[in-house]
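Peer 1: If you want the building blocks of each chain, they are given just below.
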Amino acid sequence: MKSRFLKLLALLFAFTLIAAACGDDDAADDGDDMAEGDDGDDIADGDDGDDIADGDDGDDMAEGDDMADGDISITVTGPERDESEAGAIQEVLGAWGDEHGIEVTYLGSADWEAEINVQVEGGNAPDISIFPQPGKLADFARAGHVVPLNDEAAAATAANWSEAWTVFGNVDGVQYGVPVKADLKSLVWYQPARFAANGYEVPETFEDFTDLVDQIAADGETPLCVGIESGQATGWPFTDWVEDMVLRQHGPDVYDQWVAHDIPFNDERIVSTMQAVLDLWTEDNVFASSGSIAATSFQDNGQPLIDGDCFMHRQASFFSAFMPEGTSFGDGEGEVNVFYFPDINGDRPVLGAGTLAAAFNDNDATMALLAYLSTPDYAEARQVSQATRKGGGATLSGFLSAAQGQDPSVYQPLEQSFLNVLETAAIVRFDGSDLMPADVGAGTFWTEGTSFVNGDITAQEAADRIEASWP
Amino acid sequence: MQGAILSGEDLSKIISTLVLIVVAVGASASLWIGVNLLFNQVRTSWTRFNALAGYAVGFLLLLLLQGNRLLKPHGPDADSITRLGELLWTPLLGALIFSALAVILANNDDQTRRLWIASGSGLLLGGFIGIRLAEDARPELEILPLLLSTIVIAGIGAGIALLRGRNPVPAALIGVALGWLIGGFGVPELGDGSALESAIAAAVPGLAIGARIGLTKNAGVVGRARIDAKSRGAIFLVPALFFVTVSLIAPTLITIWLSLKDEDSVDLVWFENYGSVFTDINSFDVGNWTNIFTSLLFVLGVLVGLGGLAIGLVLRKRTGDGFSAGGPAFAPLMIAMVMIVFGVLSVLRGTIMNNLWWVFTVTVFSTGLGLAIAVLADRAKLESVAKSIIFMPMAISLVGASIIWRLVYVARDTSKSQTGLMNAVWVELGRWSTGSGLPTVLGTVLVWVLVALGVASISRSLTSRTYDKIPLRALATIVLLWIAYRFTFDGIGGFRTNSAGETVPDTIFFVQDQPFNNVWLMVILIWIQTGFAMVIMSAAIKAVPTELIEAAKVDGATESQVFWRVTLPQIRTTIGVVVTTLIVLVMKVYDIVKVVTNGNFGSQVLANDMFEEAFLFSNTGVGAALAVILFVSVLPVMVLNIRRMQREA
Numbered sequence: 028m029k030s031r032f033l034k035l036l037a038l039l040f041a042f043t044l045i046a047a048a049c050g051d052d053d054a055a056d057d058g059d060d061m062a063e064g065d066d067g068d069d070i071a072d073g074d075d076g077d078d079i080a081d082g083d084d085g086d087d088m089a090e091g092d093d094m095a096d097g098d099i100s101i102t103v104t105g106p107e108r109d110e111s112e113a114g115a116i117q118e119v120l121g122a123w124g125d126e127h128g129i130e131v132t133y134l135g136s137a138d139w140e141a142e143i144n145v146q147v148e149g150g151n152a153p154d155i156s157i158f159p160q161p162g163k164l165a166d167f168a169r170a171g172h173v174v175p176l177n178d179e180a181a182a183a184t185a186a187n188w189s190e191a192w193t194v195f196g197n198v199d200g201v202q203y204g205v206p207v208k209a210d211l212k213s214l215v216w217y218q219p220a221r222f223a224a225n226g227y228e229v230p231e232t233f234e235d236f237t238d239l240v241d242q243i244a245a246d247g248e249t250p251l252c253v254g255i256e257s258g259q260a261t262g263w264p265f266t267d268w269v270e271d272m273v274l275r276q277h278g279p280d281v282y283d284q285w286v287a288h289d290i291p292f293n294d295e296r297i298v299s300t301m302q303a304v305l306d307l308w309t310e311d312n313v314f315a316s317s318g319s320i321a322a323t324s325f326q327d328n329g330q331p332l333i334d335g336d337c338f339m340h341r342q343a344s345f346f347s348a349f350m351p352e353g354t355s356f357g358d359g360e361g362e363v364n365v366f367y368f369p370d371i372n373g374d375r376p377v378l379g380a381g382t383l384a385a386a387f388n389d390n391d392a393t394m395a396l397l398a399y400l401s402t403p404d405y406a407e408a409r410q411v412s413q414a415t416r417k418g419g420g421a422t423l424s425g426f427l428s429a430a431q432g433q434d435p436s437v438y439q440p441l442e443q444s445f446l447n448v449l450e451t452a453a454i455v456r457f458d459g460s461d462l463m464p465a466d467v468g469a470g471t472f473w474t475e476g477t478s479f480v481n482g483d484i485t486a487q488e489a490a491d492r493i494e495a496s497w498p
Numbered sequence: 008m009q010g011a012i013l014s015g016e017d018l019s020k021i022i023s024t025l026v027l028i029v030v031a032v033g034a035s036a037s038l039w040i041g042v043n044l045l046f047n048q049v050r051t052s053w054t055r056f057n058a059l060a061g062y063a064v065g066f067l068l069l070l071l072l073q074g075n076r077l078l079k080p081h082g083p084d085a086d087s088i089t090r091l092g093e094l095l096w097t098p099l100l101g102a103l104i105f106s107a108l109a110v111i112l113a114n115n116d117d118q119t120r121r122l123w124i125a126s127g128s129g130l131l132l133g134g135f136i137g138i139r140l141a142e143d144a145r146p147e148l149e150i151l152p153l154l155l156s157t158i159v160i161a162g163i164g165a166g167i168a169l170l171r172g173r174n175p176v177p178a179a180l181i182g183v184a185l186g187w188l189i190g191g192f193g194v195p196e197l198g199d200g201s202a203l204e205s206a207i208a209a210a211v212p213g214l215a216i217g218a219r220i221g222l223t224k225n226a227g228v229v230g231r232a233r234i235d236a237k238s239r240g241a242i243f244l245v246p247a248l249f250f251v252t253v254s255l256i257a258p259t260l261i262t263i264w265l266s267l268k269d270e271d272s273v274d275l276v277w278f279e280n281y282g283s284v285f286t287d288i289n290s291f292d293v294g295n296w297t298n299i300f301t302s303l304l305f306v307l308g309v310l311v312g313l314g315g316l317a318i319g320l321v322l323r324k325r326t327g328d329g330f331s332a333g334g335p336a337f338a339p340l341m342i343a344m345v346m347i348v349f350g351v352l353s354v355l356r357g358t359i360m361n362n363l364w365w366v367f368t369v370t371v372f373s374t375g376l377g378l379a380i381a382v383l384a385d386r387a388k389l390e391s392v393a394k395s396i397i398f399m400p401m402a403i404s405l406v407g408a409s410i411i412w413r414l415v416y417v418a419r420d421t422s423k424s425q426t427g428l429m430n431a432v433w434v435e436l437g438r439w440s441t442g443s444g445l446p447t448v449l450g451t452v453l454v455w456v457l458v459a460l461g462v463a464s465i466s467r468s469l470t471s472r473t474y475d476k477i478p479l480r481a482l483a484t485i486v487l488l489w490i491a492y493r494f495t496f497d498g499i500g501g502f503r504t505n506s507a508g509e510t511v512p513d514t515i516f517f518v519q520d521q522p523f524n525n526v527w528l529m530v531i532l533i534w535i536q537t538g539f540a541m542v543i544m545s546a547a548i549k550a551v552p553t554e555l556i557e558a559a560k561v562d563g564a565t566e567s568q569v570f571w572r573v574t575l576p577q578i579r580t581t582i583g584v585v586v587t588t589l590i591v592l593v594m595k596v597y598d599i600v601k602v603v604t605n606g607n608f609g610s611q612v613l614a615n616d617m618f619e620e621a622f623l624f625s626n627t628g629v630g631a632a633l634a635v636i637l638f639v640s641v642l643p644v645m646v647l648n649i650r651r652m653q654r655e656a
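Chains as they are written, first to last, in this note's numbering: chain W, 28 to 498; chain S, 8 to 656.
If we strip away everything but chain W, and leave its shape as in the complex, we get:
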């Protein structure tokens, strides 16, 4: 009986100790919450200065055994996960990290759009994420999830990028994002030699372009390759077409109003533009390698262009990455080149896109990395690394940056011509679907657009439904 009581006491004591140990953990967790409470969500918890200091302390204690060597590590996530793209990012960021004694890890994910929401809402955000959609960045910025650039990073961004680009990372007057990549969307890919053999000329105006389409169709060939299937993001090539056409038909002002929802999505002009795109995509005009436009994957349009199943493919500069292996770029036999998707009013508008990096905390190391991401050094290093991974030589990397002060020699001639277009364009507009709220830009604009292209609903119905979904 006596010994049993002693056992009981021993157990109770052990329990007390364990509970105390767990309690310490609790305190550390609590500290985490407090640190996140910075953005003012947790009013109930209260942002007592003492508590935050305590919390941080506890945090460090808890993590102490994870990082015994005291290294700083930064995690960067993004949608680019191709071996060449993700590998290049990892290589360049890793090299920067080695220089500064920081371990930088890049994690690319095909499902980035879904994952970043889950991570942020679960309080498990990465240090930096690369946003393909300024609209999403703005959502996060307004919700207080991403933090503004510190002075150093903001100054670096302003010094390295023109305002036409930095504005996409600017939310309500505060700079949150650093542009890291630029894509040029108003391009048409074609084979100059095949054009010459058939006596076709590169169109200078939009009318020339439609005439050329009609002529090719009349010759019994197929003028265009179109495919809008893209897994989770099915429909985005259609939205690109619509945006490019809105910019051409109605000008940048209407475009801006449309994107900002100052005019409704089902505005007559937008509906007519959507219809105009589909009118161009008639059965005779389009080669769709999977039978229908909605079923054809956007990556699958390179091979038919090379094979001569179609003559032209309107797609962004990064499409070079989706050309079949061994494709060379230029004006020779079998080579592929691009021409500017012609304008209607002579104002040469350019539809661009790109990625922006933004941080979820304002640690010095995170901000220093953001500042580095804005530099031409980063762009050059990434370009060299990515081109090498793609095969080196004359292959295109698929990467493009509009950072100022880059050494143009790291780019291939075709890429230099892209840069030229970007630098000389008077009107640059960011891909509208990336600026719209996610419900529309990554939701109904894609899905209803796909239904429209598939012939299930009319342009008016699609626009009405998209308008109804605008939050």
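Worth flagging that the hints you see were computed from the coordinates, not collected in a lab.
Hints should not be assumed to be uniformly reliable.
Label-pair ranges, simulated between beta-carbon atoms [said to hold, decoys possible]:
1. W:E488 - S:S254: 53 to 63 Å
2. S:V486 - W:G258: 37 to 47 Å
3. S:V273 - W:E488: 25 to 35 Å
4. S:L154 - W:R169: 54 to 64 Å
5. W:A170 - S:E435: 51 to 61 Å
6. W:T485 - S:L307: 23 to 33 Å
7. W:A170 - S:I256: 28 to 38 Å
8. W:E488 - S:W296: 26 to 36 Å
Simulated coverage check for chain S against chain W, where a stretch passes if three residues somewhere in it have a Cβ under 8 Å from a Cβ of chain W [to be verified]:
9. 290 to 297
10. 341 to 353
11. 466 to 479
12. 583 to 596
Treat the numbers as computed from the prediction; the structure is a model and nothing was measured.
We treat Cβ as the ideally placed atom computed from N, Cα and C, and that holds for glycine.
Please build the complex by placing chain S on the supplied structure of chain W, with the hints as guidance.
Peer 2: The following block gives chain S in isolation, referenced to the frame of chain W:
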């Protein structure tokens, strides 16, 4: 991630996780054993039990308060040792006080004195904790909600006690404590109140709980025995209940709560989210309901159904048995039901309708096919081989199966050869039926031979007077006749006539063409789930006593009569289990739609919609509402299933 080699960091993470698991398991085990040992003391040493229990309660209570930084902390400059000490000493002090109180109460039998001691020390302890509360946890008391919630909850407690025929005072006291806590700390903003207010907010619940304890009689020998006996059940139940609460009940309640709030989970919008789900044309579109009556499937279904009904009625008049399972009217009625449901659901569109369609189709076909295979393979040659092959898709993940079937369904531009199996077959069929080569001739002969066989089977039924088999055979022959006619004259399969009048191949967009792309997606799940249904029902069929079957045969029953009248009633409960399991599973279908169409082309289902709303568009409210709709629609089936299981047990 580069490379597969574990880095030092990975390793240390794994180790710390393992250590955490060991500590957690060890702590849980010792806690459980400790509580058991504690209650061992009840019978033999009442005082000791009270001392230890009071110690544990006091320690836990103050540890929770201190650990969550609800008690006044030291200044920010306090080092970690001081704070660790604080974390340990406050609970230890509290534990000792509670322990002492419990010992005093355990040795006091006088009712008045008990009440005074308990309620007085409750008041003091509560007040003291209230004064010591950290500044940001102090409530700014609002009298009205405080009194209101106290009265309401106390009333509820008393009411329940009265309904159960008990003394209402103890329950009312607990209600007072709860209500005062909720009204005092739950309603107002925390952090603005004074020490006095927080003392009041904490002292009253202390008083109420103290009084509740003081009201109890000090347990005598009988009472102690009862505590000992009752505690064992609780000790076994509490851990499980705790985990169920944390991992199941709490998330459910939180989801329901979130579904009543707006997209940022800030403002209460009540049922707006549910309203928006049902008014969204993409989730619920029944505007075209008049088209049901012009849909070919529906009309044919009604015709076949009427035929079946007529046969059944005539038979009932003649033999008194018109509509029994397996009878002549059974097959036409079943076919008619499927056709009518397909007809209706191909017209009424939207996410919710899609889910209903999925549930109906996959459940009916998986169960039906599984049953048919189980019966046909029973005692056949190579039974195990055949069943293994049917069961094999179960081993493939849903995502893997979806990718396989996407490749089967794929269509290519008609100028290229088809790589998808279905379209390759379909286009080739079109080529044969419109061509003039040897395949065309052979095909024509084949289809007409099939028709002839159908006619022969009908005439044999006529001569052998097995009239009950005629309706099904006639239906099959009509379908064959139609195919043969099309093959010979119009052509059948993947072809079309282009503007120049030439016959060119034409593909079917299995995944893109609405609304029957849904059915092609369902085929994937049927392919997977038939194996499951088959295995379960095969086992049930083998469990049917052979005596019953032999007796039926001795009485002159045919094989089909044995099946419909002996085997089937015997395995009815198993079929019920399979059906309910399938309904629950299909209701939650997600992976297939996600992989094959991602909800495009009118194939959206609730689970994928929920995921997109909640995690892609950050509409937490609508996402939660969809989750609740899904949950509520699965609930009745779950209840049915559980009740059946309980009845069987």
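Peer 1: Please check whether the segment 466 to 479 of chain S has three or more residues whose CB lies within less than 8 Å of a CB on chain W.
Peer 2: The restraint on the segment 466 to 479 of chain S is violated, since only 0 of its residues have a Cβ under 8 Å from chain W and three are required.
Peer 1: The hint says 23 to 33 Å between W:T485 and S:L307; measuring C-beta to C-beta, is that right?
Peer 2: 30 Å, holds
Peer 1: Falls inside 26 to 36 Å, the C-beta gap from W:E488 to S:W296?
Peer 2: 18 Å, violated
Peer 1: Look at the Cβ atoms of W:A170 and S:I256 and judge whether their distance stays inside 28 to 38 Å.
Peer 2: 29 Å, holds
Peer 1: 53 to 63 Å was suggested as the range; check whether the CB atoms of W:E488 and S:S254 agree with it.
Peer 2: The hinted range 53 to 63 Å is violated for W:E488 and S:S254, with Cβ atoms some 44 Å apart.
Peer 1: Starting from the range 25 to 35 Å, see whether the pair S:V273 and W:E488 falls in it by beta-carbon distance.
Peer 2: Holds - the Cβ-Cβ distance for S:V273 and W:E488, about 33 Å, lies within 25 to 35 Å.
Peer 1: Falls inside 51 to 61 Å, the C-beta gap from W:A170 to S:E435?
Peer 2: 56 Å, holds
Peer 1: Check, residue by residue, whether the segment 583 to 596 of chain S contains three or more positions whose beta-carbon lies closer than 8 Å to a beta-carbon of chain W, and give the verdict.
Peer 2: Answer violated; 0 residues pass the 8 Å Cβ test.
Peer 1: 37 to 47 Å was suggested as the range; check whether the CB atoms of S:V486 and W:G258 agree with it.
Peer 2: 38 Å, holds
Peer 1: With a Cβ-Cβ cutoff of 8 Å, does the segment 290 to 297 of chain S contain at least three residues near chain W?
Peer 2: violated (count 0)
Peer 1: Taking a Cβ-Cβ distance under 8 Å as contact, does the segment 341 to 353 of chain S have three or more residues in contact with chain W?
Peer 2: violated (count 0)
Peer 1: Taking the Cβ atom of S:L154 and the Cβ atom of W:R169, is their distance within the range 54 to 64 Å?
Peer 2: Given a distance of about 40 Å, which is not inside 54 to 64 Å, the answer is violated.
Of the hints listed earlier, those the structure fails to meet are numbers 1, 4, 8, 9, 10, 11 and 12, in rising order.
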